[in-house]
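With chain A fixed as given, assemble chain B onto it according to the hints.
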Amino acid sequence: MTTAGWIVMSAAIIGMTGLLVWCIYKVLTTPESTRHLHSPVDIDTKDT
Amino acid sequence: MIPYLVAFLVVGIPLAWSEWALGRHGGSLGHNSAPGIFRGILRHRNGSYVGMLGTVMPVLIYTYYVIVEALCLYYAWHYLTGTLTGMGDDVGAVGAFFVKSLGLSGHGALFASGQGGFLLCIAFCFLLNFGLIYRGLSRGIEKFCLIAMPMLVVCAFIVLARVLTLQPPADAPDQTLLNGLGFMWNPAQSGETIWSTLANPNVWLAATGQIFFSLSLGFGLILTYSSYLKKDDDIALSSLTSVAGNGFCEVVLGGMIALPAAFIFLGPMFLSDPSNISTFSLGFVTLPNVFNQMPGGGFFGFLFFFLLFLAAVTSSLSMLQPAIALLEEGLGISRKPSVAILGFVTFTGTCFIAYFSAGATALDTVDFWMANFFIFIFATVQTLVFGWIIGPKRGYEALTAGAEIQIPRGIMFMIRYISPLYLIGVFALWCKNSLPERWHAIVNPPAGEPPVVLMSLGFILIVIIFFSVVIAISNQRWNQQSGETAK
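Sequences listed follow chains A and B, in order.
Per my numbering, the first sequence starts with residue 1, numbered consecutively.
Per my numbering, the second sequence starts with residue 1, numbered consecutively.
Please keep in mind that the hints were generated in silico from the structure rather than gathered at the bench.
Some hints here could point you the wrong way.
Stated by the list, open to error - Calculated pairs, BS3-like style, for lysine-lysine (alpha carbon to alpha carbon, straight line, at most 30 angstroms):
# : chain 1 : residue 1 : chain 2 : residue 2
1 : B       : K231      : B       : K432
2 : B       : K230      : B       : K336
3 : B       : K231      : A       : K26
4 : B       : K143      : A       : K26
5 : B       : K230      : A       : K26
6 : B       : K393      : B       : K336
7 : A       : K26       : B       : K393
Isolated chain A, as found in the complex (with noise of 0.2 angstroms):
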């Protein structure tokens, strides 16, 4: 592995994990999350 591919690799790791700590951290601490944050799975299409 050559010293750009750890630069990449490192970069991209770090990068990667930080973003999604702070996302789970901003979820975690906002009020009442469950009823105004949402993923498309758990979005009711209404129709069933």
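Okay, now just chain B, sitting in the frame of chain A:
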């Protein structure tokens, strides 16, 4: 990996925000299907045809996705019965199992005697999906997945731990973990420079298509689901978290597991052939080799492929919703007849793809034109509509209504200029370099074999015509409704 990361930042996050906001805006105009949403936003009766791809693509992707879903179940079953574990460290046997499972050796191979097991899995998955969606039980399995998906991530971490401790095969001492990581992460492979790698438009098209596909962007799913959201629901943090979760799984888990493990087991020669490094072969050929070399491999193999099967079920269910929304909204029929019509269309497609299985030609063709080509076009259209038709002021308001995070205003500049320029630029370069080659493959099928590529394109065209007719009927209905409202 550099094109993937650039695409993630330049189009992945901006398009996620655009699509969620477009969908919710369309929902506020009274539409839930992509054609209806575009008709409402463009304020033109023929605007619905602009959104047609948002219905056609998920349907066509479903036709082969259900086969992948069935393969996960088939592998889980064979871990449970010990067939795959029994192959031990025989890499060739695992590869042969994959080829036989999908019937890659010849057209109709899946329908030959002795292949009933996998066909049964396809039939089971098909019936399961349509049974759940017909009875309106899809939300039940989604709730189950709230537990299953974190388990899948834990399982992936266990696999990662095993991959990071793999030793090179005795007859190939150079196939080390570090060289495998280099194969995955080095910006340039041996004999190439960074610039020659980055100058290849195919790499950018594939990386961007992968971003769209894995984030469920650019093919109508998010557009449909977000149309059901209320005005005060958050879409900014919801979409960003979804994007971040997918990105983490693909880059941190996928990037550290699949290619490095494939390098160790299969070697650089195998991976140097681009046709060998599809997600398909990486997942279904490489991972069993990892499981077979870890303690409790049979259990973890079963758990991993079964959880993957559950994840695939939720994805395939969501692929059916955009077309159901159009049939319900456009034709004014209820959910059950909509599901029946869609069942017929997708069943025909899945049978076609399962039959013409030699070299996965039909599957690859539909996958390429849907998940790489048309997804690119529709993503570009969505970005342009959000950035230029809705515009920066209304667009920013639509995106930030109910938002739990502060989104920088500069995002609208990105969506208006940078993302479309990136998408159009990559697409134009790809068309210039690779479209003639694709065209050549279409018009010159291998001698003595059926023209499967041409037939697959014919099937795509039939589905497009079918949905054009549905949209034409829907337009008449919408015109009548708007006339009545005006009165």
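Worksheet item: So which hints don't hold here, by number, going up?
Response: Hints 1 and 6 contradicted; others consistent.
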